[in-house]
Structure formats: structure tokens, C-alpha cells
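Visitor: Chain residues, written in single-letter form:
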Amino acid sequence: MTNRLTLLARTSLTALCATSLASSALAGELNILTWEGYADPSVIAPFTAATGCEVSATYVGSNDDFAPKLAAGGGVFDIVTPSIDTTYSLIEAGFVDPIDISRVPAFNDIYEQFRTADGILKDGEVYGIPYAWGAVPFMYRKDKFDTPPTSINALWDPALKGRISLWDDKSALYVAARLNGDMNIYSLSDDELAAAEEKLIEQRPLVRKYWATAGELVDLYKSDEVWISNTWGGYQSGLLAADGIEVVEFIPDEGAEGWMDSNMIVAGTPNEECAYQFLNMAISAKGQEGVFKVNGYSSTNPVAAKEFMTDEEFSALHQDDPDYLNSLLLWENLGARLPVYTNAWNAVKSQ
Amino acid sequence: MRRALRLKRALVLSPPLLWTFLFMFVPYAILLVYSFWSQNYPTFVPDFQLGNYVLIFTDPQYFRVILRTLKIAFFVSLGAALIAYPYAYFLVFRVRTPSLRLALYMAVVAPLWVSYLLRAYTWKTILGTTGILNSFLMSTGITSEPSSVFLYNQTAMIVTLIYVFIPFMVMPIYAVLEKIPRSLKEASSDLGIGRVQTFLNVTLPLSIPGIVAGFTMTFCLTFGDFIAPFLVGGPDGQMIANVIASQFGASLNWPLGAALALIMLMIVLSIITVSERFERLGQGKFA
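The listed protein sequences correspond, in order, to chains V and S.
Counting from 1, one number per residue, gives the positions in the first sequence under full-length UniProt numbering.
Counting from 1, one number per residue, gives the positions in the second sequence under full-length UniProt numbering.
Treat the hints as calculated values from the structure; they're not laboratory data.
One or more of the hints may lead you astray.
Partial list, computed: chain S residues near chain V (C-beta under 8 Å) [to be verified]: (1) Tyr41; (2) Thr43; (3) Val65; (4) Thr129; (5) Ile132; (6) Ser144; (7) Ser148; (8) Phe150; (9) Asp236; (10) Val243; (11) Ser246; (12) Phe248.
Yeah, the Cβ is synthetic: ideal placement off N, Cα and C, and Gly gets one too.
Sequences and hints are given; from them, build the entire structure.
Guide: And the structure:
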């Protein structure tokens with residue numbers, strides 16, 4: 001499904017490119033490495049029409065996909081959209097260039113806690129333009145639960161054997177650690193990490209499948225394989241609702257992680273002019289409306305959000321409520337601990 | 001004169017040699033070099049140390065995954081052989097019309113022209129909880145509720161991989177069976193030997209090289225597969241190629257990935273060596 005979707009998205013983008021290539025002068029071509037939904041034709045087509053910059057998107061299934069793709073070199077990508085736990089690694093590895101903020105006028109409209117986040121700054125320079133944010137809540141099929149689950153331990157419930165799914169990502173360890181009562185999920189000690197690994201090994205026989213992409217999780221719900229899982233808040237539930245499958249998102253008693261994605265310019269891109277145009281478009285009302293309509297994610301630019309959201313939507317997406325964001329465990333860069341976390345997650349899957 | 005001949009020989013040989021050097025030797029040499037490097041967050045740095053190999057032999061997760069992969073590869077090859085042999089036998093000895101034989105042979109080989117991804121994906125729609133198999137079982141009254149036991153486990157992977165790789169089993173078996181002179185079977189029956197005995201003592205031994213070749217190919221192809229675990233495998237479906245892919249991807253630990261890839265290469269090479277012995281053994285004994 002995902003592959004089909006990606007292929008479809010790519011072909012349609014290519015088709016778009018081909019048609020506009022014929023009609024307009026070629027201003028440049030942008031290759032962006034991003035998340036499903038972030039390069040929706042509803043946003044890209046007007047952008048290409050206005051700027052003459054063609055856009056091809058490739059999608060990642062996890063934040064761990066960014067660095068390897070950039071490490072392979074080849075100057076393929078111009079823009080990447082990693083989350084706040086990954087941005088700093090890319091800066092440190094020299095994969096991205098600092099951004100000239102004077103060329104991004106709306107930068108100061110962005111929530112302060114985002115535009116001053118440690119993950120996108122180094123030596124006083126800005127490396128990322130915050131684009132969208134949200135939570136990693138859990139969700140369940142409404143028709144399958146008499147009493148709504150409120151705790152993560154629902155995903156360890158033997159009664160739900162074969163109906164459980166978890167994101168195939170190191171974040172599985174964050175989930176298990178919280179269930180163990182370790183709330184310091186981004187600085188787990190070796191013992192705490194081993195306990196989280198143990199917890200996941202215990203859960204594994206109950207798991208139907210670890211989901212790798214947004215499309216795959218949607219598929220798993222649609223084909224009645226999975227009833228409960230974690231999710232990218234707003235996105236998959238929206239896709240499922242469109243297919244008539246009612247799922248309910250919830251923030252469990254043990255809390256949820258929060259994420260924030262930023263657009264970054266890949267070091268040495270030959271398409272800098274188009275890249276800046278894209279960064280500006282992304283935080284404009286048009287760009288922010290796109291990610292809100294397609295993914296259901298919250299806006300990083302409240303000024304732009306006010307232009308297209310109703311008051312109800314504005315508060316439903318916690319745009320007026322900084323405390324909500326503070327209640328989330330916003331993803332953090334794991335630094336040198338990343339390989340240890342990744343290894344622990346691989347060990348679970350090797351069982 | 002002799003020099004001209006030598007030059008000619010060198011010219012004929014050089015393109016394949018160059019090819020092998022460029023596309024086999026060089027990449028593996030690079031891989032070997034990488035395997036001694038070390039991980040240094042956020043990427044990896046040149047080094048000379050055996051840590052990656054030590055890790056593979058001391059951390060049980062790698063041994064477990066290799067063992068699981070060998071097990072799955074064995075069952076896929078066995079299953080494919082059990083289905084392919086009777087089919088090839090039927091084609092060679094029972095189907096009299098050449099055009100029908102060709103059509104049936106092509107029926108097995110043609111799927112090779114379809115994308116692997118598509119063929120593997122098909123099995124998802126067949127084996128799923130709301131899939132074709134479950135609908136069939138329920139409509140015929142064999143089961144009353146859809147079962148989830150068909151998809152997202154190792155059996156689903158084995159079934160899918162058998163389907164995907166069976167042409168590589170049918171082709172060599174068909175080839176050897178076709179080459180067996182009919183006169184041998186006739187001689188056997190003239191001597192009053194029954195069909196079963198003829199098969200066990202004449203046909204089967206003579207077709208062993210084909211079985212070995214098919215088994216080896218299927219085994220090695222399965223051993224390196226990483227799509228089936230992703231599409232139809234469950235939480236216990238990770239195979240060695242997935243681990244390698246994740247080292248080159250998510251973990252950004254190319255050195256460890258390279259070391260794993262080389263160990264995988266060693267395993268495949270030893271399988272090929274063993275199977276060659278088997279093939280020769282078969283020929284020496286029966287031919």
C-alpha cells in the first residue's frame with residue numbers, strides 16, 4: 001500500500017513536473033526527503049505554478065532514515081524534514097547548511113519555544129525552520145472496546161493478542177520505559193533500557209505487526225488486523241475516518257511523546273533559491289493549511305494558522321495552549337546513546 | 001603465431017574478467033575495508049579493529065537471526081523441491097503434447113517477469129484476515145470466523161517465498177529430467193522392474209544434480225531476502241538481510257553492516273561449495 005502510495009505520489013508529481021516543464025521556464029528542481037503528506041499536490045502544484053520550482057518527494061518511515069540517505073551522498077536531496085530528535089545529529093554531521101533568517105521573513109511569527117529549540121540551533125545559527133508539531137498518542141478501534149483504554153498497558157493485554165501494533169522505531173522503547181515507570185525516556189540508563197527491552201520482548205507474541213509507515217498502519221486497521229497501536233496524532237486517524245473506520249486517539253496515563261518537524265537545507269544544494277522559496281511557502285498560511293488539512297497536524301506558525309483555522313480548530317489543535325506542548329515529552333536528540341537504543345530495538349526484533 | 005593466439009584469448013577473456021573485477025571484487029574489497037572501521041556518532045570513521053566481528057559472535061541477537069534465516073531458507077527450499085519435482089516430472093514424462101508442455105512450463109516461469117514486490121504483495125491479500133483464503137473458508141463453512149493465523153508470521157513468509165522462488169527450482173529439475181534418455185527407463189522395465197523401483201533407482205538418482213542446483217539457488221535467494229519479512233512477516237520475521245539493511249540505514253553503522261554482509265557471503269559461498277560436492281558426488285556414483 002505504502003509503496004503503491006509512494007509510487008503514485010511520485011508519478012503524479014512527476015506528471016505535474018512534466019506538464020509544467022513544458023509550459024514554464026525551469027527555475028529549479030527540488031528533491032525533498034520528507035514525511036507522507038508533507039508534499040501533497042494541493043500544496044505543491046500552486047507552489048510550482050508560482051515559483052517554477054519543480055518538486056519531487058521521497059518519503060521516510062522513520063527519523064532514522066534521514067542520516068543514512070544523506071550519508072550515502074550524491075547530492076540528491078535539497079531539503080529534509082526531520083523531527084526535533086534528529087535535527088541536531090544532521091547539523092553535527094555537517095549534512096545541513098545554516099539558514100539565513102533574513103531571507104525567511106515569517107520566522108519570528110513561529111512559536112518561540114520552537115524557533116529557539118536547542119535541536120535546530122548551533123553556534124548562534126539557525127539550521128531548521130519549524131514546520132509542524134503534534135503528539136504520538138495511541139489509538140484504538142472504537143467498535144472493539146467496551147471500556148476505552150486509558151493506559152499503555154492495554155498494549156500488553158493478552159486478551160488483545162494479535163490485535164496490537166507498535167511503530168517499528170526506537171520509540172517503542174520510549175513506550176515500554178514509561179510503562180516501567182521510567183519517565184526519563186531520552187536518558188535511560190543501561191539497566192532501564194534493558195528493562196524496556198525485556199518489556200517489549202514480553203509483548204512481542206501479542207503483536208500482529210510492527211508498522212513501518214503511515215500507510216501500512218492505515219492498511220492494518222482497514223483490513224481488520226489491528227485494533228490498537230500508537231500513531232502520528234491526527235494523521236492516520238484522519239485517513240481511517242475518511243474510509244469509514246472509527247478510531248479514537250488518546251493520551252495514556254503514562255503520557256505521550258511530542259514531536260516537531262523542521263525543514264532543513266541540505267549542505268551544498270545547487271537549488272538554494274528554490275529551497276528558500278520552499279521554506280517560506282512551508283510556514284506561510286498556504287503551507288501550514290496544507291499540513292493541517294492533509295495530516296491534521298498543528299501549526300508552528302500561529303499567525304498563519306489564524307488565517308485558515310476556525311476558533312474551534314485553533315483550540316482543538318492546542319494552538320492557544322502552550323501548557324499542552326509542555327505536558328508532552330518532546331523528542332530529544334539521543335546523541336551518542338542513539339546506537340545503544342537502536343541496538344536494543346533490534347535485539348527485540350531478533351527474538 | 002602463439003603470441004597472436006594468446007592475445008586473442010586475452011581479448012576474449014578480458015571483458016568478463018574486467019566485469020568480475022569491477023563489479024564483484026572491488027565492491028567486496030570495499031566492504032572488507034569498511035568492516036574494520038568503527039562507529040563514531042553521528043557517523044563512522046576509518047579504523048582497523050575487529051570489534052564488529054567480535055560483536056557479531058558475542059551478541060546473541062545476530063546468531064539468532066542468522067539461525068532463523070537458515071531455517072526459513074531450508075523450509076522454503078524443501079517446500080519448493082517437493083512441489084517442483086512432481087510438477088517437472090509430470091511435464092517431462094506425462095505431458096505428450098509439446099505445445100501443452102511449453103504452456104505449462106511457461107506458467108511457472110512467466111511470473112518471473114512480474115515485479116517481485118507485486119507477487120509478494122498478492123499473498124498479503126490472499127492470507128489476510130479479510131483476505132481471499134478466509135473468505136473462501138467461511139463461504140464453504142469450514143470456518144465460522146476469519147482466522148488471523150495465515151498472515152504476519154514465518155509460515156506466511158515461507159509460503160510467499162516458495163511461490164516467488166519456485167521457478168528457480170522447476171527450471172533445473174526440468175532440465176535434468178528432460179536429458180534422461182528414455183531408453184534407460186525402457187531398459188529398466190524390460191528387466192521387469194516396477195515403476196516405483198525404476199523411479200527410485202534410475203530417474204531420481206539421475207536427477208539429483210537438478211535438485212541440488214535448484215535447492216542451492218532457492219536457498220541462497222531466500223537467505224538474502226528482506227522484502228517478505230517486511231510485507232508478510234510478523235514481529236518474529238526479521239531476517240539477516242533486514243538486519244544488514246538496518247545497519248546501513250537506521251543505525252548508520254556501515255562497519256557492522258559490512259561485517260555482517262561478509263559473514264553472510266561466507267555462508268552462501270560455503271553452501272555453494274557443499275552443493276557442488278553433492279552434485280559431483282551424484283554424478284560420480286550414478287552416471
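Visitor: Next item in the hint list is aspartate 236 (chain S). Is there a CB on chain V closer than 8 Å to its CB?
Guide: holds, 7 Å
Visitor: With chain V as the partner, please determine if tyrosine 41 (chain S) meets the hint condition of a C-beta pair closer than 8 Å.
Guide: holds, 4 Å
Visitor: Under 8 Å, Cβ to Cβ, is where threonine 129 (chain S) needs to be relative to chain V, so tell me if that hint holds or is violated.
Guide: Cβ of threonine 129 (chain S) sits 5 Å from chain V, so the hint holds.
Visitor: Does threonine 43 (chain S) pass the interface check with chain V, least Cβ-Cβ distance below 8 Å?
Guide: holds, 6 Å
Visitor: Against chain V, is serine 246 (chain S) within 8 Å by beta-carbon distance?
Guide: With Cβ-Cβ at 6 Å, under 8 Å, it holds.
Visitor: Let's test the interface hint: is any C-beta of chain V closer than 8 Å to that of serine 148 (chain S)?
Guide: holds, 5 Å
Visitor: Measuring from the C-beta of phenylalanine 150 (chain S) to each C-beta in chain V, is the shortest one below 8 Å?
Guide: With Cβ-Cβ at 11 Å, over 8 Å, it is violated.
Visitor: Under the criterion of a CB-CB separation shorter than 8 Å, is isoleucine 132 (chain S) in contact with chain V as hinted?
Guide: violated, 12 Å
Visitor: Does the interface hint hold: is serine 144 (chain S) within less than 8 Å of chain V, judged Cβ to Cβ?
Guide: violated, 16 Å
Visitor: Does the closest beta carbon of chain V sit nearer than 8 Å to the beta carbon of valine 243 (chain S)?
Guide: holds, 7 Å
Visitor: Can we keep the phenylalanine 248 (chain S) interface hint, with Cβ of chain V closer than 8 Å?
Guide: holds, 6 Å
Visitor: Does the CB of valine 65 (chain S) sit less than 8 Å away from some CB of chain V?
Guide: holds, 5 Å
Hints 5, 6 and 8, counting from the list given before, are not met by this structure.
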